[in-house]
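Undergrad: Please arrange chain B on chain A, whose structure you already have, making use of the hints.
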Amino acid sequence: MVIATKLGVLDPTVQPIPAHAVVAERPTTLDGKVVGLLANGKLNSEKLLTAISEVLADSYSFKTVVERNKGNASRPCPAPIIEEMAKECDVIITASGD
Amino acid sequence: MTGANLTSAILEFDEESEIAEEYLRRGWTDGLPITPPTPDRVLACLAAAGRSPSEIVGTEPTKGRVITAEKIAVNAVMAGCLPEYFPVIVTAVEAMCEPEFNLHAITASTMGAAVLTVVSGPIAKEIGINSGVSVFGPGHRANATIGRAIRLIIINATGSSSGEIDKATLGHPGKFSWCMAEADDVNPWEPMHATRGFDAGDSTVSIFAALSGTQVANHHAQAPEEILVSFRDAMFSVGPTQNELVAVLCPEHIGNIKAAGWSKAQVRQFLFETSQRSDADWRAAGEVVPPNTDGSSRMVPVASELDNITILVAGGAAGAFSSIIPLWGAGAGSQSVTKRVQG
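Chains as they are written, first to last, in the working numbering: chain A, 1 to 98; chain B, 99 to 441.
Excised from the complex, chain B in its bound form:
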């Protein structure tokens, strides 16, 4: 293949070993070596999703940078993706370019959010996205390279590189790569995309401006109420009046909750109702929460509304470890976006 339809500038090298070094030197990577984005590899990616190189997938809303399928494919190859991952990455970029996600802010802010990509529906299994053991960890190519491709696109296509536009105080390791699937084989409820109004048989990609998660450990309890108080305590660390946050429930916790016959709605209701503190208690915890205008006390919830808690099911079969994941700007400055994978 000649790459005749590709329009990106071509850099030429004598030795393959020079390529990764030069891309690192130019600030085009996340600090790790890359797979050289040759025209053949890029065209194979595009073909897997039936996209033409010049197709505009999205425009970054703040800076107005136009992101074509070709640029997404170049970054996907660099990240080590297989061509069959490409439809998921394209869908994630479409989602990231929606104004309500506020991509510029979440990738520039000192708060240091990652993009957590959640793939739900049949495509997750078809391309091998892990939803089980060590779901946030290494060892699974689809998870590792799809998440990495999204970060490289943020760096190269939107210009948000560390120390330039990206001014995160700490950031967190999820900024290298953070992609997961929901565990359909364990989930006793409808998948998360069905909760969001999609057909259960659809494949979707959801993106969240995710901060580092808090691990929720509870090995002793079996009753849902006794398990979920541990989630409640983790939620308190997130702060009051969140417009959105994510709870990832592991199979052991789910097993006990399922055995008690609880629905997803009941779990959400319990978390919403129990994670409330008085304004005085929030202030004692360092938050700015005034009392009522007449000076009387009021109860203030972690999630400002019931529907603001997104529940996901994932993780390894052994271990009672779940997670509460707060979102950037208390979930108010950036809304998660879910899109159906085309084709």
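Looking at chain A on its own, in the form it has when it is part of the complex:
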């Protein structure tokens, strides 16, 4: 009798670790809100954000606009910028504008 032997080989993959993030509460209007514009450092990102904020300004009266640029598109936003904008802004819009 021939007993078939299975060939065992190993899985090479590392599985992702699921993130448990909570989405921030969304405002019902942008009237009277502090709106942050966070450019990612690509050449046209500030132009794109300016255009978006101008379109939104036709419909809403912002309290103020805070403009920042994270500088390097391929690096995470520096923590001081995130902390500052999280403190000051009600809403943040970001764009890549490649």
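Since the hints were derived computationally from the structure, they do not count as laboratory data. Mixed in with the good hints there might be a few duds.
Capping the alpha-carbon separation at 20 Å, the derived lysine to aspartate or glutamate pairs in EDC-like fashion look like this [to be verified]:
hint, chain 1, residue 1, chain 2, residue 2
1, A, K6, B, E110
2, A, K42, B, E385
3, A, K6, B, E324
4, B, K356, B, E324
5, A, K6, B, E120
6, A, K6, B, E371
7, B, K356, B, D379
8, A, K6, B, E113
9, A, K70, B, E198
10, B, K265, A, D98
11, B, K362, B, D405
Output of the computed footprint for chain A on chain B, the stretches with three or more beta carbons under 8 Å from beta carbons of chain A [to be verified]:
hint, segment
12, 170-178
13, 249-256
14, 425-431
Quantities reported herein were computed from a predicted structural model and do not represent experimental measurements. For glycine and all other residues, C-beta sits at the position ideal for the given N, C-alpha and C.
TA: Positioned in the frame of chain A, the structure of chain B alone reads:
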């Protein structure tokens, strides 16, 4: 061996010929057939470096995936590595997980970088890493399979497979495998790891987020200044204000430079000083380089600082062909990392 200490899921097959097909189908390869990663082979790899399977070698900084010695060994076996290559691969993974290398970005970006692995010091010869003829080409098992193992680790351990996270517009063939050694027998200067502050007797692994190289051909010149202008012209194609780039000097070019008594520092100084253009010339070449704020012209170098040019010596004895290798994101978004091989 039973592989009792291994924790990876085991897939079972009736025929060996089914294994490579199934790994291809699952997207676990680079498109080429693999060596089946049996527990025995994986354990032999781990033993060669004295690593336990569960040892954490690194954590991919952006996605947080934890890479154990076992997963590195599984991929190394798949790539066709011999167990004695394993210490180099482990060191390369340690280097790739350093935040300044920015592994996620360089393996996701449309710019399509490869990981160029440069092994320097005694271990290169001990395990047979080629530094000579056809140094970037096929035919040398250590080079071919170490470079391939690193790519398979990127695919399987960090999830950067083509069309998923890897969105390279073109990429280049170095993404299959790109591993080399410095040619100690030809190099008239200190080895590259000594230039980077390691002891000359150390064995090190350096990784670079490397784009495709530009071949530098100059057969007629013998004076260093006349040879190096060809390098300068290749550097112009890389663009302005590079934070890092690599020049690989071949033995014929090195022979003439050595005969003239030039040091590595002199070569670097010459390349830095001559590869400068005015802002207007850069703009004419399609680059975004503004003049000074008062509108006056300024000279802008290819390498933003002298030390940003890494010089390597490698290649076959015949032929006056060197290479300029640009790095991803103008060398700013990703810094090369050098680590000493343990043990």
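Undergrad: Name the hints, by number, that the structure is in violation of.
TA: Hint check: 3, 6 and 7 fail, others pass.
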